[in-house]
Structures are given as structure tokens and as C-alpha cells.
Amino acid sequence: MEVCRSSAVSLREFGCEQSLLSRPDGSASFVQGDTSVLAGVYGPAEVKVSKEIYDRATVEVLIQPKVGLPSVRERSQEQCVRETCEASLLLSLHPRSSLTLVLQVLHDDGSLLSCSLNSACMALMDAGLPMSCLFCGVTCAIDYDGKIITDPSAAQEKGSRALMTFAIDSTERRVLMSSTKGSFSVHELQQCIAVSQKASEKIFQFYRDSISRRYSKNL
Amino acid sequence: MAAGFKTAEPLEYHRSFLKENCRPDGRVLSEFRTTTLNIGSISTADGSALVKVGSTTVICGIKAELANPAVETPGKGYIVPNVDLPPLCSSRFRPGPPGEQAQAASQFIADVIESSEVIDTEDLCIERGKLCWVLYCDIICLDYDGNILDACVIALLAALKNTKLPEVTVNTETSTPEVNVEKRSLLHIHKHPVAASFCVFDDSILIVDPTDEEEKLSTAQLTVVTDEEGQLCSVHKPGGTSLSGEKLQECISRATARQREIQKLIDKVIKSIKTAK
Amino acid sequence: MPTDTKRLRGPDVSKSPSLYFSKPPATVASHGPRADGRQRDQVDIRPIFVRCGLVSQAKGSAYIEAGNTKLMCCAYGPRETERKDETDMKCGRLITDMRFAPFSCPERTSWIQGTQDRDLSLMLQESLQPAICLHKYPRSQIEVNVMVLENNGSVLAHAITCASLALADAGIEMYDLVLGCSMRQDGASYVVDPSYIEESSCSSDRENQGCLTVAFLPSLNQISGLQSDGEMTEATLTTGVRTCIEGCYKLYPVIQQALASTVRKAAPPPSES
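Chains as they are written, first to last, in the UniProt record's numbering: chain A, 1 to 219; chain B, 1 to 277; chain C, 1 to 273.
It should be emphasised that the hints constitute simulated quantities derived from the structure, not laboratory data. From a predicted model like this one, the values you see are computed outputs, not experimental measurements. A virtual CB, placed ideally from N, CA and C, is assigned to each residue, including glycine. Incorrect hints may appear among the rest.
[Unchecked claim] Simulated pairs of lysine-lysine, DSS-like, Cα-Cα distance not exceeding 25 Å: (1) C/K15 with B/K130; (2) B/K76 with A/K181; (3) C/K6 with B/K164; (4) C/K15 with B/K76; (5) B/K76 with B/K161; (6) B/K161 with C/K15; (7) C/K6 with A/K181.
[Said to hold, decoys possible] Part of the chain B face toward chain A, derived, beta carbon under 8 Å: (8) S106; (9) Q107; (10) S244.
Make the full structure from the sequences, and use the hints.
Below, the structure written as C-alpha cells:
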């Protein structure tokens, strides 16, 4: 398991393990502090006729919470993850097929959506699917003093005034996905985007290191 | 000829309009469709509003019921919003339980209510720990022609402004609630959140208030919710192609302008109802 | 009961404030003029407002407002059947779905369809089917969706009228329009096109109590659907059916006019010059 200790933009200790499941075509587990998500990718595979799209692959994302059945909140997160994946995957290379991404939440200690995004990206890489860019998720919280905390824990999330999660792409560092809670000013939004972009550098570097280390071992 | 071109090459058809800085329905890129509002048309609901944005039609009805407050929040009531996209509104929706889009819309509306603090849930408490109001805000789409989120937020806000709750007292002897129907009072609306939706075409062209067709062909969608103080309540972009900082800034300033327009519209309609009475 | 995970849920139990009204609700008098000023024992239907073609996405649509009863209907199709295993491929299928908005009734109803909705959907289907030339649409289905926005009585009757208008607006071939009318028998007297309170009120346990809804094809002079509940003598029922038919004839010119104006708008007649 790869582990990265972060310094400047403070992210919690994060790590990742790829290909840990044998049945799916690609899998990864991503850990951010105590938050942990396990992802599995199946595909390209056969698609149901009703869901078939004639010129590209159909992406499905399922988020399983730690306990209980998925509810409306999971559904809205699924939509965010699915559309982010759709934007970065080269889906037209696999027309009339299906890609299924299953995310199992192992533990939620804040920044769940960003951890889901990160594990999704690692799993897609592990499955060897063609992508136009990589993406990573960063969560920022603004507390009542106006201070920005990146990658907050559940307790920090609770004590915050606003919470934002962004997906950043690896080519131009632009915002692919944004999901916010609480009210904030335009200036705060821009600050948070800037901080997230800075934090994304670190995560992309980690992606690169862990992949190169993995393949150097294999060869 | 044009109809055939539209069916065979929908994307090219739209591009040929966008090149000229206009859209198939005659709007310029940053123009919203005409928005009409009808408040209080459903007498069985405690508050209701019907909104039309172009041909997209959404109705919101609010029903208030009494319940016990949750143990962890004894001083707060509940607001339960649900968005329904029935097979009635478009042929793309199937009968049965709500699909992903309807569920995501419900969650979005719930997040907007919570983030903007449009209503203080403490106002809904009647007696701490014993009795509170539940506001069921049921939003139904009657005609789906794109930009459902904007229409839902306007319908919800207008319906909340129209909601009148009867006075409730708790009888000290029997500790049962007593409802006085004659004495009804309006809800206290703290903020006026209004949404503005945008679509990104071909990764670069930004259009406002997309129709169903434009939504289908676009590469990304973005919804910005602002209140009257210019604070952002939600910047919702569920994926799609990336957006630069300048474009985002453009969306936000358009959204603040839209907020003022809609708040004016709601106030005007409410005033016209009062004078009609 | 399984929990509904596809909708946002409120508290487990909540009660309508009407249970705790300090004053008892007004009861309906079983004689004298009706609450809305209409006459008892006469074919006095509420004035109706109808409009066609309001929904841009639907093939055909109609909206009807009778007093405070407001409902909307959309027709889609003909399109390919979803159920391929159907044996009769020579004939099209009519699918009906009737739903009440949660805020349509005095008490909030749940999102999940109850048995009442399903019964009404079935009644609607059976009343409309004889009027549609289904043999002209082999291997295809026609969908009719009704949404009740506000329920102030006689919902089924108005849903039938509204649905047939939507089908006509969609250009589905039909033998005739279907009009609906309902009445409530209350002892010796009766009320036509009852409101919600009149429908649900039960004065005392007298005989001859019941509700009757008739679906009628006006130009063919045939009845396509009849639903009656309660206990009525044979003579009352026959006069009741006749009363409802009379009510349908009163609706007919309004519906015809609405349809004609929609057609005129869609294809204006060539100018005289």
C-alpha cells in the first residue's frame, strides 16, 4: 500500500491499493484519513437493450453506503461521479457496451465524495480504460472564522459554514464537477477552487508515483 | 428541409445557430425564456404555485402536517421536498418509482433549502420536543422542456411564500393540539434563493436556460443558486466538461441578475393577488 | 412496511391538522340548495373549462377544470409495445395511468400508488377502449396519463372526458369522444356532478345511497363504462343512468368547441380571398 504524507496544503494522510479484487476488471481502494472507499469496475461488457447508446458506452455508477440501502443522497452522488467519469473516459471507443462502477463505502469520516472520486479514478486506471484525462476530488470546508480547511474530517465538516467538493482534471486543472453545501461568497468560492487546484497537484503526483512504482515492480 | 436537418443532424443544426449567436427558438445566448407564475391556485394545498419557464411547467403544492420533533433536534420542524417527473411530462420517463434524475433533483432542492436557510426550521416548532410542523413540499413536473431545477426552485419559493399555517395551541389539560383554522399566518421567509442554469456546448459556448434538446446535446450543465444578498447557496455542476474561472464568473453574475428578476416577479404576483382580493 | 429509499422521507408519523380542528367540520344538508348554489334533483353540472395541447412534449394533451376539480391528461403514442410476449399482435394496447398529486385531496396522500388509483386507472381504460380504433394500431401501444391536481369530486368522470380529449388532440383514430358524468343518490334526492364533500358525506343509514359514474359516447348514443357503488333500487339506477347521459349531453358542446378551436389553431382555414 502506498502512503503519502502531505505538508503545505494540508491533506490527511492518504493511500491507495489497486487490483485488490480478483473478479472485477479493475479495482482500487482509496483511504483519506479514516475515510475509505472501495471501487470495482466491470466492463466494457454487454449492455441491456433499453440502456444501449448507439455511439458510446453506457456508464453506470452504484454507491453502496456502509450500512443500509442506498438512498436519495447516494443517488445524487452517483450522478456526480457518473458524469465526471463520462467526461474523462473516451466512451466513443466502446459503443453499445456498458461500464459499471461500484463504490462501496467502507468508512465515512468526512470528504466522502472526494474519496469516492479518487477511488473511482484509480479503479478506472486499473481497468485500463482509455481516458482523455485523469481526475481527482478535493473537499474544502469553510469554518465560522472564514478559514478554509482542505480534506476535512467528519467533525470538521460539522463545524463548518460551507462545504464544497470539486473534481479537478489533470490536463488544465479546471473544475469538472462541483457540489456545494451552505452559503458562501463569490470570493470564497474562488479561493476554494484555487486551494483545490493546489491540492490536486499533490494527488496527481501521488497517482503518478503509485502507478510508476507498481509497474516498475511488475517488470 | 429545416425539419429534416434538425432530425438527422441535431448537433450541427444547433451549431449553425450558435455560430450566429442565437438559438433555434430565437433567443440570444444569455436570454431566459419567459417565466410566468401563478400562485395559490390549488385550494386543497396550504400553499401552491405553478411556474412556466418557456414550456417547462412545474407545480409545487405544500401540505403541512403535525408530528413529533426528532429526538436529536427537539426545537426544529421538518421540510420534506420531493420532485416527481411522472411519465405525463415527457415520453422519456417511465412509470414507477422516481428515477435517478428525479432523485437527484429532490436532493438538490433539499440542499438548497438547507444551504440558503430559506426557512428557519425552528419557526416550525410549536412546542419544544412535543409538537412541530412538517412541510411536505411536493413538486411535480407537468411539461418537461429542460431546465427543471430553475423552475422547481421558483415554484418552491413562491409556494412557500403563499403558505399559511393555522394557529395551533396545545391544550394543557389533555395535552392534545387544538387547531384554529380561522387564524392563519404566513411563513417567515428569511432568504430568497433563485437558481440559474447553464449549458456548455462544444466545451466552450455557454448558453442560459437550456431547453430539453439543448440539454441532451450539451457537454456539461451548471446550476448556480444565489440569494438576495449575493451569497451563493449552491454551485452545482454534476460533472461534464471542465469550465474556466472566467466562464464561472460570468455564470455567477448572470445568476445574481436572474435572482433580482425572479424576486421582483414573485412580489408582483403576490401583490396582484392581494389587490384582487 | 418497507421504507421508500427513492424519495426523501419525513418523520415516521405525521398527522393532518384537520384531526384537531377546534370546530367540527360543516356537514352537508341533505335537502335544500347545495353549498355551491347549484340545484338538487336537476342536471346541474358545474361549468367547465377545457383546453387542449398545453403540454409541448406530449403527442396530445388536455386540461379540464370543473369547479375546483382540476386535472390534466397527456396521451403518448402510438409506439412500439414494451411487452413483446403479448399474444394479440393484430390489435393495439391502451395503457392508462391515473395518479393523484399528493396535495390534491384535503388529506395528504402518499406518493406510492394505492389501490384506489389502480381501480380508477382500470375503469378509465375500460371506458376509453371501446371508443378507440385499436385495430388500426397493430403491435403498438397508446399511453394515457392522468394527473389529478386538485380533487373536488367527480374525478373519474372528468378524467374520462379529459382523456378522450387528449387522445383526440393526439390524432388517435376514434369512433367517438367519450364523456363522463357522475351523480350521487341520497335517499329520494340526487345531486349531479357531486363535489368532494357531497361525495364522501353519508347523511344517515337510509336506503338508496350510492354513487354512479357513466362514460358515454354521445354521437353513437352508447355507454362505454358504468360504475356504481352503494345500494340503489333498480328504478333509481335506470333513472340515474339517464340523468348522467343528460349531463354528458350538456358537456358535449363545450368539448366540441374546445376541440374545434384547437384544430383551427393548428391548421387555420384558408382565407376567403
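Results for each hint:
1. The suggested pairing of C/K15 with B/K130 holds, with an alpha-carbon distance near 13 Å, which does not exceed 25 Å.
2. The straight-line distance between the Cα atoms of B/K76 and A/K181 is roughly 20 Å, inside the 25 Å bound, and the hint therefore holds.
3. A distance of roughly 29 Å separates the Cα atoms of C/K6 and B/K164; the hinted pair therefore is violated under the 25 Å criterion.
4. About 17 Å separates the Cα atoms of C/K15 and B/K76, which keeps this hinted pair within 25 Å; it holds.
5. About 19 Å separates the Cα atoms of B/K76 and B/K161, which keeps this hinted pair within 25 Å; it holds.
6. Our distance criterion of 25 Å between C-alpha atoms is met by B/K161 and C/K15, whose separation comes to about 23 Å.
7. Of the supplied pair hints, the one linking C/K6 and A/K181 holds, its CA atoms being roughly 21 Å apart against a limit of 25 Å.
8. Interface hint at B/S106: satisfied, since its Cβ lies 6 Å from the closest Cβ of chain A, which is below the 8 Å cut-off.
9. Among the interface hints, the one on B/Q107 holds; its C-beta lies about 4 Å from the nearest C-beta in chain A, closer than the 8 Å criterion.
10. The closest approach between the C-beta of B/S244 and any C-beta of chain A is roughly 6 Å, which is under the 8 Å cut-off, so the hint is satisfied.
When held up to the earlier numbered hints, the structure conflicts with hint 3 and nothing else.
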